[in-house]
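K.L.:
The listed protein sequences derive, respectively, from chains H and X.
Position 723 (the first sequence) corresponds to 723 in the working numbering; numbering is contiguous.
Position 257 (the second sequence) corresponds to 257 in the working numbering; numbering is contiguous.
Note that these hints are calculated values from the structure, not bench results.
Here the structure is a predicted model, which means the values were calculated and not measured.
Note that beta-carbon positions come from the ideal geometry of N, C-alpha and C, so glycine has one too.
One or more hints might be untrue.
Chain X regions said to be covered by chain H (calculated; three or more residues, Cβ under 8 Å) [what the hints assert, rightly or not]:
#1 101–107
#2 122–132
#3 163–170
#4 224–235
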Amino acid sequence: MGIESVLETLRRDPSLHSQITHWQKIPAKSAQLADFPAWMDEDLKTVLRKRGIGKLYTHQAEACGAVWAGDDVVVVTPTASGKSLCYNIPVFQRIHHQPEARALYLFPTKALAQDQVAELMQWSDELGGTIKTYTYDGDTPASARRAIRSAGSIVVTNPDMLHSGILPHHTKWIRLFENLEYVVIDELHSYRGVFGSHVANVLRRLHRICRFYGSRPQFVCASATIANPGDHAAALIGRPAVVIDNNGAPQGEKDIILYNPPVVNASLGIRRSALLEAQKIAALFLKDNIQTIVFARSRTDTEVLVTYLRRAIHRLGQPQTIRGYRGGYLPKQRREIERDLRRGEVLGVVSTNALELGVDIGSLQAAVLTGYPGTIASTWQQMGRAGRSDESSAVVIVCNSSPLNQFVVNHPDFIMGQGAERALVNPDNMFILVSHIKCAAFELPFTEGELYGGSDPADILDFLVEEHVLRRAGDRWYWMSENYPAVHVSLRSASTDNFTIVDTTNGSSTIIGEVDRFSAPMMIHEGAIYIHESSQYHIDQLDFDRQKAYAHQVKADYYTDANLAVELKVLDTSDSCQEGIVTHSWGEVMVAAKTHMYKKIRFYTHENLGWGEVSLPELETHTTAYWFVKPTTGPTDTEALQSALMGAANILRNTAPLELMCEPSDLGVVAQVRSPFTQGPTIFIYEKYPGGVGFSQRLYDIREALLSRCIELLRACPCENGCPSCVGPGDEVGPRGKHAARQFLEEALQLEIQG
Amino acid sequence: MKFRDKLRRFASEPEMAKQPAEHAAAGEPTLGAVLREGPAGAFWLVETHWPLSHIHGRTVLGQFMQTPGSQLAFLAQEEGLYGTALADMVFLDTETTGLAGGTGTLPFLIGTGRVEGDFFLLRQYLMRDYPDEPAVLEALKEELQQASGLITFNGRRFDWPLLKDRFMLNRVPLAIGSLVHLDLLYPARRLWRYRFHSCSLSSLEEGILGIERQNDLPGSQVPQRYFDYLASGEAGLLSDILHHNVTDILSLAALTAQLAKRTSLEQLPEASAWEAEGFAHLYLRHGQPEEAARFGELGLTLNPDRRASRRLLLHLGRAYKRMHLHAAAANVYLVLAEEFPKELLPYEELAKYYEHVEKDGDRASAAAQQGLSMAQLQKAAAKAEAFSRRLQRLDRKRHQGRSVLSFAQDDRDNGTLF
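Please take these sequences and the hints and turn them into a complete structure.
P.N.:
Given below as structure tokens:
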């Protein structure tokens, strides 16, 4: 009985077993323990002993030691390895002895912050209640804010609140900033891309304010596994950090299984829904009373799976033992589900990635992932939810038919073999940098010679003087505007003037979301299906001048994909190299995008259901791109070249995110049969965020791996003439598209051409 | 010499600026700007002396001095005023580069006013540019340290926290403990919230002080005007701001006098039923029903309009009830029911009165019935439900022939006899 019997079924049942592309056993590992540090107080040890902790894992002990020695630290270990002890022990020890000392904790979401505060409050109570711990976020009542500002020993907040609510009012937080000893940043890996680039700047501003008040806090970061924790931490906090990654937490044996749903239409490359397959596999575990977590890709999927699974195991007569968990549930309800999971009263939980982050739900025995979560780091986080120290566990990743998923399911090494991807940030992205220099100048005037993020911002400051935003007087630059700049800078998008989406369903007019200017023509053109919190909205009208879109809620079985006519001009080549006949480059480009039409695409199968016209003005974006040119050899069949380029561009666009920890929608591709700049057939991959956040340079650095990966995917794809899982459907790229694209890429890498 | 010209001259010829400002003779005051220099830097100081007999709108400027602070303490709900003479306090109003708050907002002009000898001395600390701030704050600190308190309009939420931030940012230690602070917005709201919806200084100037600003620079244009000055160096652009700020401070003094005037029952001017209403309400909230009743009764004699009548009667009914003058309260509720039939409270109170005091079940039911019909008409579900419960209970009581002395639970819970 138990997990072994389910694994046996997966091995024996031919219909299941034939779909398994990889099965790997990770052997058990025993705990590596260390004593509590000598400097730890007895009553702090008592707090831990009460929780059954008599010794630390080696990584915890090492991290505590490094923090206590004064280092900036980043701890990188898997889910449920007790990361929070690494910062809570030194922080409590310090404040316990030095009551005026302060710590600032940053979590990417409010829910995580609240979780952490509950735990911190318990510690504090047991230590005599003098260490006051508060969350400070948008939900904090005005009446409580004053007390938090002056008396909060540990203030738990999120980067957005630090950016718009705390730093611009630093004089009200004088007690915090004068006495700030520790800044704790958990879930460090989530601060990447545009968001991370913003957060890096918020932290630069934090350094400035601390300098003003004469403090120099230490940074203690914790991250899920990423390839570059030290570099990433350094890029965010602006100082080198000691990496602690010798995980000492114990681990039971774990089976990891990759599962590819069966093909139902070979020529179109359509597979059976991953949702249904995941449901089938999760039910196997649940029916054997194995506590299981199922990760779904959206909130709707979560609800659908809960319904299916309750139905499937209803015969057991315990329908309530399956719960859903996602954003949008009330905090109280979430706490209840977490508690019941820890107690084992909930048998199965279906969750969005909300449970991927550090919420404490104990360890479950099985995890089923519906689709590849998008990054290796997330995959390991989700897989880490299953796995107890003393029992064996299992993870099944059920892939869907997207190119990323198909690559992953056929290349187990991608997840199992290599480490996680690099988290990338570009804090010096010009748009982001200038936004935050404004915020910083609002907070404190800049003084001549002052460095910001390690470089002299004088040029930007002088520019802002010309823009009448700053005033230069004496040796300083002062904020000279009525505006409060932080409200105009959203950390979660790069461009500042956003379009709002107004829901007019049933005569209401509620703002449901925002889209940045550059995404607007793609995402909220008239006729688009805009998806927000898994609800679908049909865009009825886009008022481009007023930056508003009006929508009503619908239930459609398709989404829309706008076709951009993109013109791309190279402005500056940052680096370039010749490999064989191919020249690779990256640099600055100007992308002029105009949306002419959009396609309606059916969910999951990605069938094309029709199209519509869009008439909107052209938008210019100054950004960065990676590109390569492969001169034609011999006579050229333009049509074949066209379809080769288009197919190669499509697969590049879908494969590149594998390396970048980003969404496919963060990148755009342009294929030019004869580029005016390179004079040859060229494929550009550009970043959609103005200025770029470092993806282009990274693609340039890993060009060979990138192109090889595309070729591998093309070679392995079972479709005949292209499908949504590789170069796109054959009727888009032409009947020879798949073959031509492969040949083009193989030539580019000077590989032996197959077939 | 016109102010504008003077400012320009002083801006370009600093040695001239060191001359002391002319003291104003009686009558029309003159304005003057001097460059003040100190260890922390320099700034422009504009001092004007206003005779205490100057009439601002319809108020004599020095009138506020005649009131002891204690007289305003209750209305302002500011304990510190009990031991403070208004004449020793300083009026303060700032002009800033924005209203958003946060450390990027600069109070580039700080105006103060206080009594000095026979004059009302109005001082304006004006920053020629951002670097003047520390010098301004040092000078302001000196003035504040001599005063026994602050009088502002919305200074509790805006000017004072902003200034405290600026002192901190510029590292000018403010050795002032807890300052007595009379923020006129709050007492003004207590008296005139219903008369002037916004209770902004300009609506009070118009309605209470009899001041109509002419050619006044609207507050919303102040930041841009200052930025324009910074960009162009045209000091003349600032004269409108200085003028605006002068009017603000004079209005604070006049408003203080007008508020003080209304704190004594005997002095309440004609047709000030709203002020009486404000006091009745305030006294009720502070557990002084006798005082509340006095103001309620008085208010009804001061030609209240319909809205004021309604509120005065409601206060009066409540006050009588707390004083256990049940019959008098019932009379007030009868008048209310007659005059304002949509008001539900009178029916409820009358039903209780008839049931518990008069012990007249029929009339109690009749009142409850009226209340029920009105509540239903207004679709006030919770109220209708309460009336209908009351009716059922009255009905039951009559049929069971139980003693009418057995009080209903919900009435007993009110904490009063009925």
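K.L.:
A separate judgement is required for each hint: does it hold in the structure or not?
P.N.:
Status of the hints after comparison with the structure:
With 5 residues having a beta carbon nearer than 8 Å to a beta carbon of chain H, the region 101–107 of chain X meets the requirement of three or more and the stated coverage holds. Counting residues of the region 122–132 of chain X whose C-beta sits closer than 8 Å to any C-beta of chain H gives 3, which meets the bar of three, so the coverage hint holds. Interface restraint, the region 163–170 of chain X with chain H: holds (4 residues with C-beta to C-beta distance below 8 Å; minimum three). Counting residues of the region 224–235 of chain X whose beta-carbon sits less than 8 Å from any beta-carbon of chain H gives 4, enough to reach three: the coverage restraint holds.
Taken one by one, the earlier hints all hold for this structure without exception.
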